[in-house]
Structures are given as C-alpha cells and as structure tokens.
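Protein chains in written order, with this note's numbering: chain A, 974 to 1470; chain B, 12 to 492.
Rather than coming from a laboratory, the hints here were simulated on the basis of the structure. C-beta atoms are modelled at their ideal positions from N, C-alpha and C, and glycine is treated no differently. A couple of the hints might just be wrong.
Stated by the list, open to error - Label pairs and their computed distance ranges (CB to CB):
#1 B:GLN282 to A:MET1180: 42 to 50 angstroms
#2 A:LEU1016 to B:THR445: 19 to 27 angstroms
#3 B:GLN282 to A:ASP1273: 47 to 55 angstroms
#4 B:GLN488 to A:ARG1041: 21 to 29 angstroms
#5 B:THR445 to A:HIS1330: 44 to 52 angstroms
#6 A:GLU1333 to B:ALA286: 51 to 59 angstroms
#7 B:THR445 to A:PRO1345: 30 to 38 angstroms
#8 B:THR445 to A:MET1180: 52 to 60 angstroms
What the hints assert, rightly or not - Not close to chain A: a few residues of chain B, all C-beta gaps over 12 angstroms, as computed:
#9 VAL97
#10 THR367
#11 ARG378
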Amino acid sequence: MQFPILSVLTIIPLLGAVFIATLRGDEAIVAKNARWTALWTALITFILSLVLLCNFNAADAGFQFMERAVWFAPANIYYVRGVDGISIWFVVASALLTISAILASWNSITTRVPMYHMALMVLLTMMIGVFSSLDLILLFVFFEGVLLPMFFIIGIWGGARRIYSSYKFFLYTMLGSLFMLLAMLTIYVQAGSTDLTVLINHHHLPMSVQVWLFAAFFLSFAIKSPMWPVHTWLPDAHVEAPTAGSVILAGILLKMGGYGFMRFCIQLLPEASQLFAPLVMILSAIAIIYTSLVALAQQDMKKMIAYSSVAHMGFVTLGLFSFTHQGMDGAMLVMLSHTIVSAALFLCIGFMYDRLHTREISAYGGLSAITPNFAIVFMIFMLGSVGLPGTSGFVGEFLSMLGAWQTHPTITAFAAIGVILGAAYMLRLYRACCFGVPATQDVRRMKDITPREWLIFAPLLVIVIWMGIYPTTFSNVYQANLQNILNPHPVQHGVAR
Amino acid sequence: MNVFLHDAVCFAPELVLLIGALGALIAGTYLQNGYAVAQRLAYITLAGALILLFAIPATGALSFGLNFAHTSATQFAKIWVMVACVGTLMLSHHALGRLQAQRHEFPVLILLSALGMCLMISARDFMALYVGIELQSLALYILAAFVRHNEQSAEAGLKYFILGALSSGLLLYGISLLYGATGTIQYEPLMHFISSGAPNMAVTLAIVFILSALAFKISAAPFHMWTPDVYQGAATPITAFFTTAPKIAGAMVLLQLLHGPLAGASAVWLQILWATAALSLIVGAFAALMQQNIKRLLAYSTINHVGFLLMAILAGGQDGYAALLTYLVIYVIISLGAFGAILLLQQQGDAAEQLTDLRGLGKRRPRIALAFTVLMFALAGVPPTAGFLSKMYVLLAVMHSGYAWLAALGVVTSVVAAFYYLRIIKIMYFDEATTSVIPNIRPSRRLMILLFVTVILTLILMLAPSAVIAPATLAAQSIGY
C-alpha cells in the first residue's frame, strides 16, 4: 500500500489545532506558542503538498494518490481521496496562503490568539479536504465544514459589522450548498454511487435529470464563486473579515466555486452544461461589467477588491463555459492568478490598515515617496490584477477571452469592456494611495515593509512574475485533464505512482 | 417451550422495570434517605433492563396472544429509551437538589414512564398500545409539575395534562371507531382487513383521530402548542427527558402502525403525514427565530426535528426505517448533551435560562462553550458532526421515495434553523459578557462525563457511521410486514 499522503495532509493541520488547544499557562506565552505552532504546522503541510506536486505525473489524466476505504457501508458511500491536475494546485495554494495568513496576523490579532489559530488550522484541513475528496458526500462534508471556522474568523476578529456579515456569509452559502446536497443525493438515487471516479466516466445521467442537477449545483457554486446576482455576501464578508480571513476567502474559498463548476457541472453534467452555457456566459459578462463599475465607485479598498474578485471570477466562468481548450486553460490560469493576486492585494491593504487603521482610499496618498518598497510591491500586484502582459493576470484573461470568442463573440466583446474597467479602477486605487499628497500627517509617519512582511510578499511576487512569463509550468499539470474533459474517453483510474 | 415461560422471557425487561419501580417506591417511602436509595435502585433497574434487552434474542415472535412483539426493532428502540432514562437520571441529580425537589418519586416516575414506552413500542394491539401510552403520559404529566412549589412548573403540568387527556380521548375514540368498523383491535387481523379493500368512512375517521393523537404525543405541528410552555415550565432535566425518550416511543409507534396494520390505507394517511411533516419543519424553524428562552428555543428546535422524523416515516422502506432509527439515536445523544451543557452551567452557578445569559461564555467557560457549540452545530446538521449524518440519511430516504419537494423543504428550513443555532453560538462567542463574576464551584462529575461522552460521540459517529447505521439497518429489517 502506498503512503496515504492526502489523508496525512488533511490530518496534520487538525493535529496542529489540537496541539494549540492543549496549550496552557500565561496568556502571552500561549499566544506566542499558538502562533509558532500554527506557522510550523502550515509550513509542514506546505512542504508535504510540494512533495505531492513533485510526485504528480502530469501525463496521466486520471486521479492520482488515490485512497479508498469503506466509510458508510450500508449506503455504499466510500472514503475516496485523490487529486488530478486541476485540484492539485489548489491543495498547494491552500497551504501557501495559510502561511501568508498566519504571518499577516502575527501582530494584528491580539485577542483570543489560540482560538484564532485553531480556526485557521481547521480551515486548512477543510480546504485541503474539499480539493482532494472524490466522494460526493465526503466532499460535501468538507465543503460545508469550511463555513464553521470562517464564521468564527469573521464573527470574532472582524470589523464593526462583523456579526451581520458572518451570518450573511454562513446562511447564504449554506442555502446554496444544501441544494447541492439534494443534487448529490439525487445522483446517488439515480446512479447508486457517490464515487466521482465512477460517476464521471461511467454514468450517463438522463438529460431531464441533468437539467435539475445543474440548476442545484449551479446555484451552489454561483453563490460560492460568487456570480452576479448572488454575490452580495462577498463584499460584506471581505470588508468585515480580518486580513487573513480576506486572504483565504478570496484566495481559496472562491475557487471552490470555480472548482465545483469544473468538477460537477462540466465533468459530471456535460450535456446540461452545454445547454446552459450561453446563460452562464451572459451572467458572467454582466458580472464583469457590473461589478467593475461598482468597484469603480467604492471608497473602501477592501470592498473594491471584493468587487474586482467577482469580476475576475466572471472571466473564470466565461472561459469554462466556452467549452474550448483555450477557454478552460484560461479559466484555470485566471483562478490560479487570482488566488495569488487577490490574496496579495488583501495583504497589501492589511499592510496599510495595520499602520493607519483605515481602509478609506482617500485617507492615503504619496506612499511612493513614504514607503517606496511597498509602493513597488503594491504596483506589481496591482498590475497583476489589471492583467498587464508579463504578470500572471494577463495570460489567463487573454486565453479565456480567446476561448470564449470562438463560441460567443458578442458576449466576449462585452466582457472585454471589463478589462478596460479593471485597469481603470485599479489604477485609480493606486494613484490615490501611492501618488499625490499624503492625506494626513499620519501617512507621512508610515513605516516601510518589515522583514516579516517581506516574507509574506516575496513568494507571492515570485509566483506572479513567474506565472506571467512562463505560465507553462503551471498549466502543464492540468493539460491532460482538460483534454480529457473536452474529449472524454474512459481512462484508467488509480494509476498512482 | 412453555407458553407462559416464553411470554415471560419476552416481557422480562418490562417486568424488571415494573419491579424496580415498585421497589423504589416502597423503599423511598419507608427509608430515611428515600431519594438516594430510589435513585440508585433506578440505575440498577435500568442497567438490568438494558442487560436483558441485549441478552434476550429478538425472535420476532408475538406473545400474550398476539399483543406483544419482541423484534430487533423494538429491542433497538427500547435500548435507546433506557439510555435516555439513564441520561435523564444523570442530568437530574444536581438540578433537583437545587430546586429542592429531590424526592423519591422522581426515579419512580422515570421508570414507570419507561415501562409505558416499552409497552408502546412492543404493542401489537390497540388496547396494549393505549395502556402503554397512558402509563407513559400520566408519569410525564406528574413529571412536568414535579417542582410543585414553582408556578410555572405547576402550570406546565396542568396544561400538559388537559391537552394530553384530550388527545388520549381522541386516540380512544379513533380506536373505538376502528373496532366498530373492523371488529378487531389487534394489529395483525386489522392489517388483513384494511389491506383487503378500500378504507371506508369509519376507518378513515379512525386513522385521522389516531394520527392526531399520536402527533400530539410527539409534538408534531399543528398539535405542538403545548410543547414550548411545557418545555419552559418543567425543570430542565425533565425537559431533557421530554425531548428524548417519548420521541423514540412515539415515532416507533407511528412507524409500526403506519407501516403495519394501517399500511393498506396509505392513501388516507400519506397526505396527513406529509402535511404534518411539512408543518412541523416550518413551525420548528420559523417560530424559534424570535425566542429568548433557551428551553423554549430548544422546544421549537425539537418540533423541527420531529419534522425530520416524520419525513423518515413517510419515506418508508428499509431506507426510511433505518434512517428513522439512526436519526432517533443521534438526536437523543445530541439532546442529552445539549441539556447536559445547560445543566452543567447552572450547576456551576451560572444563569442559563435566557439566551442572553450565555453572553461571553466562550471566554468565561471555554470548554463548556466549545462542547455546546459542537452540539448546536450538530442540531443544525452541519458537518462534520453526526447531526449532518442523520439529516443526510433521512433526506436520502425521502429522495428515494420520490418526495423531492419535501426534502427541499427540509433543506430550506434547515437553513432557517441554522440561523437560531448560530445565534446561540454568536451570543457565546461574539457578545461581551455582562457579568465578570465567575462562581468557582466544582463541576459535577456526572454531568462532565455525560457532556464529554455525547460530544465525542457526536464527532466520532461522523467518522464511523456504521456504529449506528449497521445496527439500525439490522433492526429496520424487522419492521413492516
């Protein structure tokens, strides 16, 4: 039997959380130990996820590192784990962003520190679980489990309206995911199995059922990703969440929506997805234009980035539902790029917020002279979000529009307006923060990036540039899977290394 | 085997309960420390009954004429009734002391109602069923009013008694109609009669009356009106008892009636059942939103859970039966834990009546708050807790039976219900405490054990669901004809 690396990856953060729970003694010392424990746990998880990545065979389009055990014997539900080229990146990214999140809250979280880090660790477990579970019910358990720690992170360590936001976040997503549960149970009733490896290639659901299933899955993932018009929980959640919460939310949680579209709508229900593709693409185009315009009008930086996230996820759905290779490739790259860039932008806002305790755009100014290093870092991430060639954002947006153009040129033309609007609001943000005259004397006293913050930003900077210059490193891993989705043919599963 | 001996063996657990109850009553009356002796006797009796329940193999044979069944399903249900009774006794010790109600009648009444519930579960004859229900109900009425110097408790008892008597009347009337129409009150001949032709008016009316009465007993909407008042008025451990054991017995009676003698008249009861299930789901979810009293809130939460129980009964089939049994078990575990947490707080000198009393609990008593959080998430049915498992199993069965819209309603009301469970968690963790005084009283070991075991089970059963589902599936095979 091979080493159950996915289960180990899932359990390590949980063990970290349990260890933090057992810490006793002086409050300051407990806090310090909790931070270090969380950091080391996340580091170990990250390193292990890199091991996973190194051993991944990109030529194999099937699921790898498979684990299978009986879980729910009478109902024929199994504990099935495995990753393919699509999901493996998100496993790695979850671990990486958790490290950033822990470092970002090193000094800014001062109350109930152990509980905070326990929540982060449980969150990491759940995120890895979502992206590496291949049984519908198991996946649902993790999918839903993500809500619990996030509810606390927003509700306890959030801003002024944190309680309203945490409720909205929880109930909104729970409504969506429970309809997903109904869809999953329907699949089980229809096909007699909840094993994705069996379902994807060997079961063809009748079209009349597929339509309803698509509706349920779509609702769930549209809320999660989020798509217009069910995106309204996101700005609230982002604004009130602490920096680390926003980082994870934008970086990973939104991608669960995109990943869900790919896995459930496109892979599991291909015919219904084809049928609804124009509708989804129109919604995406509306989302891109509408939320870009809304972002343009924001005074709160976090709210602005939150709306820009909705726009970027619009490019993801646009590319995915074009059913072209370029489109899907682009959608994946937009997701990966957005994972890094949006997380980094929230970290940049966290950097500013830690110093001035305001997120008003108008409260800053002239940072290029006061904190030059930060201004450069911020610029690179800002350009990554805009999609300047040479940064990670460009490749994905370009490819997804190229793909979408081939099937629905009119919709794509509208969506392209969003690219211009994206540049407009990001440049407006950057100009207001970094150029001009400082708004107050406090701005002049802002300190530049500390070594700890360099540690947070450096890996993300490298990835943004790398992905912009040589995206093949990232896209190579899932090419075989995309081929497989577009030209389905039975593949052998469980060919693990 | 001798017929008498065979009957006695099947009836042995009930006999033990009866002897134990009477023994405790006599000992409690004549001995100085009556309460302590009666309580110890009750533990021993319940343990003895449990051992017998495990030991006597379920043959499925009928005894006492055709009136009393001993199947693996009745065995399963009775075991969990006993567990609920043991849990209640563990919960009650300190609370009764605080309320100055440590009287020896308490364990006796618990034993007697347990006996009534066992009779209900095993009854294969409407007369036996009625006797069982009455025995159980009378004990429960007295229990509701047990803290007799407390006005609310007395009011709860009276209210429960009057409405309960009404529903017993309905039940009796239904039974008499059934007898008039068919000439028998035994399940097996009834089943043949009812399945042989279309139900006539008398049978239809009888089913409506019987179902209404049973819906009252398990507090399903629209017969739930007594529930919040009684739950709030009764002493907390007694509320815990109301939440758990009678629900097992009531649900089992409904299940065995509807999928037994009344199976042929499903055209009549199906619509009643889905309407009741849907109403319970809705009432339980929406009426709880504005509650300020913890016990009142849990009363409405119970009604919502009863909706799920009815859904499982509606679904029927092996899946539905197993789902019902699984749901009952997990629900009993979670409920005992939740009341355990409340009582542990009260025992340590905290106020835990109104929701606002829980403010700042996350800081004040982090461990109890964590346990309570897990249990609330379990009641809400959020993974990774066992509450999700049971809800999912019921939804699965309902989907199988084709009531997709009811499953959807269950899901929507679960989201609404999640709101008020979240509110409790919010109050514990997000709100600042109003009091900073932490009374330093040693926590009761019994309550700690109970809370710990229930929380661990709530989490473990998600990882190893077979521990419940396998026996439940096995037991389900003996249901239906």
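Any hints this thing doesn't respect? Which numbers, in order?
-> Of the numbered hints, 1, 2, 5, 7, 11 do not hold.
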